[in-house]
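Please work from the sequences and hints to get the whole structure.
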Amino acid sequence: MPPAVDFSLDYAPAPESTAPVRLAAQYGLFVGGEMVEPASGRLAATTNPATGEKLAEVSVADAADVDRAVAAARSAWEGGWRDLPGAERAKYLYRVARLLQERAREFAVLETMDGGKPIRESRDLDIPLAAAHFFYYAGWADKLDYAFSGRRAAPVGVAAQIIPWNFPLLMAAWKLAPALACGNTVVLKPAPTTPLTALLLAEVLRDADVPAGVVNIITGGDATGAALVAHPGVDKVAFTGSTEVGRAIGAEVAATGKRLTLELGGKAANIVFEDAALDQVTEGIVNGIYFNGGQVCCAGARLLVQESVADAVVGKLRRRMDTLRVGDPLDKNTDIGAINSQAQLDRIAELVAAGVAEGAELYAPQCELPERGFFHPPVLFTNVSTAHRIAREEIFGPVLSVLTFRTATEAVAKANNTPYGLSAGIWTEKGSRLLWMADRMQAGVVWANTFNRFDPASPFGGYRESGHGREGGRAGLLPYVELVA
Amino acid sequence: MSERLAVNKTYKQFIGGAFERSESGRSYPVVGAGGELLAHAVQGSRKDVRDAVVAARSAQEVWAGRTAYNRGQILYRVAEVMESRRGEFAAEVARAGDGCDGSMAAAETAAAIDRWVWYAGWADKFATVLGGANPVAGPYFNLSVPEPVGVVGIVAPGEPPLLPLVSRLAPVIVSGNSAVVLASERCPLAAVTLAETLALSDVPAGVVNIVTGHRDELVPPLAGHAAVDSLDLTGCGAEQGADAARQAAATITRVVSASTAERQWFDEAAQSPYLIDAFCETKTVWHPKGR
Chain Y
5 MPPAVDFSLD YAPAPESTAP VRLAAQYGLF VGGEMVEPAS GRLAATTNPA
55 TGEKLAEVSV ADAADVDRAV AAARSAWEGG WRDLPGAERA KYLYRVARLL
105 QERAREFAVL ETMDGGKPIR ESRDLDIPLA AAHFFYYAGW ADKLDYAFSG
155 RRAAPVGVAA QIIPWNFPLL MAAWKLAPAL ACGNTVVLKP APTTPLTALL
205 LAEVLRDADV PAGVVNIITG GDATGAALVA HPGVDKVAFT GSTEVGRAIG
255 AEVAATGKRL TLELGGKAAN IVFEDAALDQ VTEGIVNGIY FNGGQVCCAG
305 ARLLVQESVA DAVVGKLRRR MDTLRVGDPL DKNTDIGAIN SQAQLDRIAE
355 LVAAGVAEGA ELYAPQCELP ERGFFHPPVL FTNVSTAHRI AREEIFGPVL
405 SVLTFRTATE AVAKANNTPY GLSAGIWTEK GSRLLWMADR MQAGVVWANT
455 FNRFDPASPF GGYRESGHGR EGGRAGLLPY VELVA
Chain R
28 MSERLAVNKT YKQFIGGAFE RSESGRSYPV VGAGGELLAH AVQGSRKDVR
78 DAVVAARSAQ EVWAGRTAYN RGQILYRVAE VMESRRGEFA AEVARAGDGC
128 DGSMAAAETA AAIDRWVWYA GWADKFATVL GGANPVAGPY FNLSVPEPVG
178 VVGIVAPGEP PLLPLVSRLA PVIVSGNSAV VLASERCPLA AVTLAETLAL
228 SDVPAGVVNI VTGHRDELVP PLAGHAAVDS LDLTGCGAEQ GADAARQAAA
278 TITRVVSAST AERQWFDEAA QSPYLIDAFC ETKTVWHPKG R
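Chains as they are written, first to last, in this note's numbering: chain Y, 5 to 489; chain R, 28 to 318.
Just so you know, nobody snuck in bad clues.
Dumping the calculated DSBU-like pairs for lysine-lysine here, alpha-carbon to alpha-carbon at most 30 Å:
no.: 1; chain 1: Y; residue 1: Lys-336; chain 2: Y; residue 2: Lys-58
no.: 2; chain 1: Y; residue 1: Lys-434; chain 2: R; residue 2: Lys-316
no.: 3; chain 1: R; residue 1: Lys-310; chain 2: Y; residue 2: Lys-434
no.: 4; chain 1: R; residue 1: Lys-74; chain 2: R; residue 2: Lys-36
no.: 5; chain 1: Y; residue 1: Lys-320; chain 2: Y; residue 2: Lys-336
no.: 6; chain 1: R; residue 1: Lys-74; chain 2: R; residue 2: Lys-39
no.: 7; chain 1: R; residue 1: Lys-316; chain 2: Y; residue 2: Lys-418
no.: 8; chain 1: Y; residue 1: Lys-418; chain 2: Y; residue 2: Lys-434
no.: 9; chain 1: Y; residue 1: Lys-434; chain 2: Y; residue 2: Lys-320
Hints were generated in silico from the structure; no laboratory data involved.
See the structure below:
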């Protein structure tokens, strides 16, 4: 008999150093190429959600500040950016991409400090992908003639871009890169809980000598966003966030002649057939829902599993969940970091309670949560019916609802039984079925035997109430061009 | 104080990532516009061409296997490194050219750098523009994608020394082909300096191979080589090109040559995604759809 082996090994703490990050006590607004004091005179704190500590104070832009930012963008557009040869816009964007790559570690640490996501994700996904987006769209700037054959792609003008807190720098890149490549100027508003990497990006834009006013970055909350959307000097509005706010923006912009693209909520189905490779499936489901703590609009929040393998899949999932490490986002071994804010944590807790109250069966691994900060363990619900709130509402947290199906037709019906339509996952070893299912998914992105893949070359965006317009790929240029004969 | 004595560079061939003399041991004098000796370039042999094809063949699969994003970044890196050596390239071009003054040489260098940047951006886009879904009349997924043809032999245009070479080379390698380049016979030195830049830009060894020497001797073994999948004969004279094309026909090797418009090296017409396509195959994948 071999000697008994102790498998109760644990990881030693492996915290990422915060040394590369240099925070200012206060941040102004980035307008006309300079950091300026806000006319409002108002400041708001941004905190580290993993500790509750204040990181810095940022400005809260009011209507006068918005006005100044839009004017700066307009003047930069008319003053030369719109007429700059594409090859030169390309060179600016290539510079931004390279500077982001050079300062990647600093950005990653800051992203994790401000937003709470695991350093593993900010380091390996958010920041490299943000740089890649600038690199990709840099290449389009001087090739627009080939993107839309038979038409000339002219810029639209001043774009107002409002981005969420779940992928702060990456969403800034998704918004800025195509807009600038096509010859537009921008007023960008990051989310109030995660403004710091956008403000650091302002430094990069300056270092790249991007002309003053081409990108303006203003901070603030809903009121700032509303003022920006309503500003008559804005030609195009791009918003990523909740469907509720998207509706309000749609109503505001309606009949103004402004162009609009929206990337909103989701409640994606991750569909597992009985012939799928179940160990890969388990990893895919975990990645699909617990990536960034489930604070992902395209998260695979509804697991639809074929009845014959439901018990096996749930068993594997529970075992895998037991190994997930929840805690300090700056620790390189952490799988699930902090929830972005108290408000979001409250929202998750409310829906988890509703799940239990409505009769679903809850499973959560035993894990010790940090004493400070906003944390939530990974949760799995079984016995979920399609009528339950946890099967219908976007939770935006590490909560997975498991439903079952018997036939492919039933899987299609259940998957599409939602007002959303951002993404879907299909797991089967049978190629013809993958493609048959993909044809029937009311979703802008369909992942087959994988989930949560993102690439600058691949369009992303939703059907139905998940919004309209695409980001990424050639399709991602369209929102930012006027096609003229 | 006496003037410092210059250290002159030995211009060698670039094969499989190494700078080598010819196995034949030969060289030939390269002279400037005024007839002055610039250097003794390597006079490559048939064997050198064959070695270069072997190097290109063994590097191609790995290069094509890199992600498009990675190839794009590497081509952009070539531009970055060339930019930092602009003066050197401009001097090289100016010394070689007939009546090529300093400002023309600088303009040619700048255009060559910008051409790398332009093609770098195509790496992860040409498949989007040139490929696509085909709506066939049946329950099938059907997708066409361009794939690199393999090893491309490039007979570089004679002059000017730098921009035409870059204009023909960049669209070949951006898609994942490897190349065997016969440098300009009269002004090969810029090609060797370009090779030094490639070697410093993370372009994997063997992806670009540059052979210098006499065209009459080098074109036939390149054109007739069975492992060469496509040929760019832009640098061949009419008779030489016709002979090479006949030779290539024996191995069903596709032959490409720049059009008159594409030979306006400073013009937009000299760069095109269709040039990338010219050195690609189209692969179409069918897959049934059904429960």
